[in-house]
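Chemist: Residue numbers (numbering that gives the first Met the number 0), protein chains in the order written: chain E, 0 to 92; chain F, 0 to 125.
Some clues are possibly wrong.
Selected chain F positions facing chain E (in silico; Cβ < 8 Å) [claimed, not checked]:
hint	residue
1	A20
2	C26
3	I27
4	R38
5	I75
For the record, the hints were derived by calculation from the structure and aren't laboratory data. C-beta atoms are modelled at their ideal positions from N, C-alpha and C, and glycine is treated no differently.
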Amino acid sequence: MSAAILHWCLLLSQLLVGLALILATYRMIRGPRAQDRILALDAFYVAAMLMLVLFGIRIGSNIYFEVALLIGALSFVGTVALAKFLMRGEVIE
Amino acid sequence: MSEIPVWLAVLVGGLSILGAAFTLLGCIGLARFDSFYARIHAPTLGTSLGSIAILLASIVYFTVSAQRPAVHEVLILVFVSITTPVTLMLLARAALYRDRAERSGDVPPQWGQDIVVERTDTPTEG
Numbered sequence: 000m001s002a003a004i005l006h007w008c009l010l011l012s013q014l015l016v017g018l019a020l021i022l023a024t025y026r027m028i029r030g031p032r033a034q035d036r037i038l039a040l041d042a043f044y045v046a047a048m049l050m051l052v053l054f055g056i057r058i059g060s061n062i063y064f065e066v067a068l069l070i071g072a073l074s075f076v077g078t079v080a081l082a083k084f085l086m087r088g089e090v091i092e
Numbered sequence: 000m001s002e003i004p005v006w007l008a009v010l011v012g013g014l015s016i017l018g019a020a021f022t023l024l025g026c027i028g029l030a031r032f033d034s035f036y037a038r039i040h041a042p043t044l045g046t047s048l049g050s051i052a053i054l055l056a057s058i059v060y061f062t063v064s065a066q067r068p069a070v071h072e073v074l075i076l077v078f079v080s081i082t083t084p085v086t087l088m089l090l091a092r093a094a095l096y097r098d099r100a101e102r103s104g105d106v107p108p109q110w111g112q113d114i115v116v117e118r119t120d121t122p123t124e125g
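With the rest of the complex left out, here is chain F (with noise of 0.2 Å):
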């Protein structure tokens, strides 16, 4: 570990901080924010820009260390990427779902259901 140049290291460790400060940033959102539907929008900061931080320090690290491309973290964001829109969409349509079954705070009702849509013209008469 002693024997990589300086700017690797500079390198390395300020992509890592960067990923770990966005990481904690959502984080923060997710214990500060006020309802559910607010606080699911606050982790994907760390999933999205933390992930690919701190796996672009650790592509960087490996690939200088051992002279030759390490790539195998892309597999990582590849799948996170993919997979944290799904889990956060299912999620979100479960705590609609559970919030529109129990009519509990301002979840806006149902198109269909519970919307009675009003004519303004006067009907004819024939």
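The following block holds chain E by itself, in its conformation from the complex (with noise of 0.2 Å):
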């Protein structure tokens, strides 16, 4: 009973991220400019991370945690380093 509502509730979560996932991808190849479209590679990288803590739960292992921190770790790096690039035409000045 407790394992199907879980079961259920988790699928449902991971198809909305997906949909989430989905749209950002839409955005990220349409987007008009260049910082269109590093929002939505922004917005994509963290609606991965949340999809894999969802796995995570989903398995039941601590597996996917690290993974997930990993994940943020370099959405932020690659962020920063992308609007560096916008704002100057170089990373490193």
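Join the two chains into one complex using the hints; note that each chain is given alone, in its own frame.
Modeler: Below, the structure written as structure tokens:
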């Protein structure tokens, strides 16, 4: 009973996060300018991180937590580097 | 997974659905808003409330199923909460810089370069 409740709730929330990933991809492809694509990439990173946390609850394992932490750190570094590139055309001045 | 109580399953499932719905709302706003300066506000709904709800679900589930406090998901929450304003501020400033350099759209001009302050009082004859 409780396992079925948890299974269907997690499946529904994974579908919602997957729809969010599709919408972020749509903005990343269509976005009129470069800053729209970078913003969509940042939202994509966050949604992918939450998807991995949901996978971790479903599997019942702690492995996915470390992958999610790694994706969070890479999201920060990547977005800061891309925004710096938009600002001046260089990453390191 | 089958020995967990029902209230725990309902709590964890409800929190995860809530967080996923907030993330989806943020991405709908990202896809549907018209200008970049309106679009930059939408995904913060996913990074703040969506992350809080889903990581809280993970904390509750692992704390009850492992019979000991599992609070390492707070690490992700703190990291995301600290870094998201920094990245969005850098991105907004970069977009503002580019729009001002091209003089495009409805971006306000930069103070001191494009604005000429009109004096309303007439200068007195000395």
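Chemist: Each hint should be assessed against the structure and marked as holding or not.
Modeler: Structure-based check of each hint:
Because the closest C-beta pair between A20/F and chain E is about 6 Å apart, less than 8 Å, the hint holds. Nearest Cβ of chain E to the Cβ of C26/F: about 4 Å, under the 8 Å cut. The hint holds. Because the smallest distance between the Cβ of I27/F and any Cβ of chain E comes to about 6 Å, under 8 Å, the interface hint for this residue holds. Here the hint on R38/F is kept, as its CB sits about 6 Å from the closest CB of chain E, short of 8 Å.
Annotation: interface hint on I75/F holds; nearest CB of chain E at approximately 6 Å, less than 8 Å.
Figure legend: structure checked against the earlier numbered hints; every hint is met.
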